[in-house]
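**Q** All residue numbers for the sequence shown refer to the UniProt record's numbering, where the first residue is 1 and numbers rise by one.
Bear in mind the hints are in silico, worked out from the structure with no lab data behind them. Warning: the hint list may mix true and false statements.
Beta-carbon label-pair distances, calculated as ranges [what the hints assert, rightly or not]:
hint, residue 1, residue 2, range
1, ALA75, ASP387, 51 to 61 angstroms
2, THR162, ALA410, 48 to 58 angstroms
3, GLY374, HIS110, 12 to 22 angstroms
4, GLU261, ASP85, 35 to 45 angstroms
5, GLY474, GLU261, 14 to 24 angstroms
6, THR67, TRP161, 48 to 58 angstroms
7, HIS110, LEU476, 34 to 44 angstroms
Backbone N, C-alpha and C fix where the C-beta goes; we use that ideal spot for every residue, glycine too.
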Amino acid sequence: MTTTTAEVLTTLSPGMLLPYGGNKYTRVPDEVAAAFQSGDHLVVVQTDGVVLHIPQAEQALVAKAVTRAQEAFGALRLAHDTQIDHFYDCFAERLANDTVWSHIATANAHDVELAQARGRSTTRLIADARMRRRMIEALGQWRAMPTLRGQVLNTVVHPGWTVEQVADGLGVVAFIFEGRPNVFADATGVLRGGNTAVMRIGSDALGTARAMATHALQPALAEAGLPDGAVLLVDSASRAAGWALFSQRGIALAIARGSGEAVAQLGAVARQAGIPVSLHGTGGAWIIVDATADADYLRDIVFHSTDRKVCNTLNVVCLPQHRAAELAPAVIAGLEARGAKLGHAYKLHVTPQAQASVPAVLFHTTARMQRAEGLVEEALAALIAPDQLGHEWEWEGTPEVTLTVVRDTAEAVALFNTYSPRFVASLVSNDPTAHEHFFRTVEAPCVGNGFTRWLDGQFALQRPELGLTNWQEGRLFTRHSILTGDGVYTIRLRVTQTESGIHQ
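Modelling step: build the complete structure from the supplied sequences, incorporating the hints.
**A** What follows is the structure in structure tokens.
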């Protein structure tokens, strides 16, 4: 048997070969070779060969944070549940305090201004009164939620001995999220189950997160007597800090929320490091309509599924062929009403199959539409290739939906299973049998019969969500797509023996 001694990489050469994926290779980019120094880390993403450079400073910053969170996890085992209750009370009270909130709001206004100057989307960044209220509500829900920590889930009794299955904390949970200040409060839900958290937020919202940590989170931890490393912010605007975090030993679960490509890459980094993931990157809900559908009902649910752009916003509508001419106006009416309410018209992307069902005038009528870069003039309707059904429209104030026409529900389900992120699907039908068949055949973890925006842990389950996961990478093991604080745990076995002669 041949043994080898591992050596530390100290320099890189442009074009240097790097193996990945078992039988492939990539080359070191010129810019990575120039920037790489002794002590830096390199990650080759095994799915596509992309080379990621992690400077030593970012690696050290993350390693220190994870070590502190691991130490806090050990200390948290001895903390009483009433201390965790008190933390949620204190955190919520500080967010409700106008003086404290003024610091957060000032930082957020600066973040929003900088993001807008860079042409970045701010739909999830603005910490307005609604977001403030929902964060406070979320903390109250965590406070009221019973903990599984230490709870006996099952007991098996044998003659002379028993086996108990006991729930316990999982460990350090790593969060990465882009421009979503509310997640900073939601993520503290892991404390309820005895877990700790390390968070890295995108540069757009870093100032807001700093203010929230300084003026609300850390004081609440201190007042409750919990370890200050129980919830930590990695104070770095570099994406390399995220790569370092998701490849760091000591992480029990990695949760990413943001844009599709970035989240997919983060998930790949975590998986190849052996860390389980919950990914929330690609979204876009589908509404599939059958021949029994009511047009007024369809119009209403389109309206209520497009109030703002988030992952569960309506993205695609499939109409049955022989009723398309009748039902397309309902879709357009719902979209038009929502656009009017938002003040920025609407955009309809039409496949060739649906073109005949859409008034021709819409393809030539222009309107002002809100984009990340500002207001632009565009046609209300535009053709889209059928193989682009999976494209998720990232809109600002102008709702965007794709419309297609299918022979029947079976074809629509096949399109969903092929092109969608396998996330949220609704069937508009008055046939109970059709709904049962739909549920059995559609590859979506979240299925409904109406508006799509119901998919939210706080709204649907009265549990603030830590993250959502679609089925784009396959079904999930023993859990649904909404990950909440009480869903992050492990199971330990505890044996109690009452007789000395037990043997196997």
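**Q** Could you run down the list of hints and mark each one as holding or not?
**A** Results for each hint:
1. Checked against the hint of 51 to 61 angstroms, the C-beta distance between ALA75 and ASP387 comes to roughly 53 angstroms, which is consistent with it.
2. In this structure the hint that THR162 and ALA410 lie 48 to 58 angstroms apart at CB holds, the actual value being about 51 angstroms.
3. A C-beta distance of roughly 20 angstroms is found between GLY374 and HIS110, which places it inside the suggested range of 12 to 22 angstroms.
4. Between GLU261 and ASP85 the beta carbon distance is about 40 angstroms. The supplied range of 35 to 45 angstroms therefore holds.
5. Between GLY474 and GLU261, the C-beta spacing of about 19 angstroms keeps the proposed range 14 to 24 angstroms intact.
6. At about 39 angstroms, the CB distance of THR67 to TRP161 disagrees with the hint of 48 to 58 angstroms.
7. Between HIS110 and LEU476 the beta carbons are some 38 angstroms apart, a value that agrees with the proposed interval 34 to 44 angstroms.
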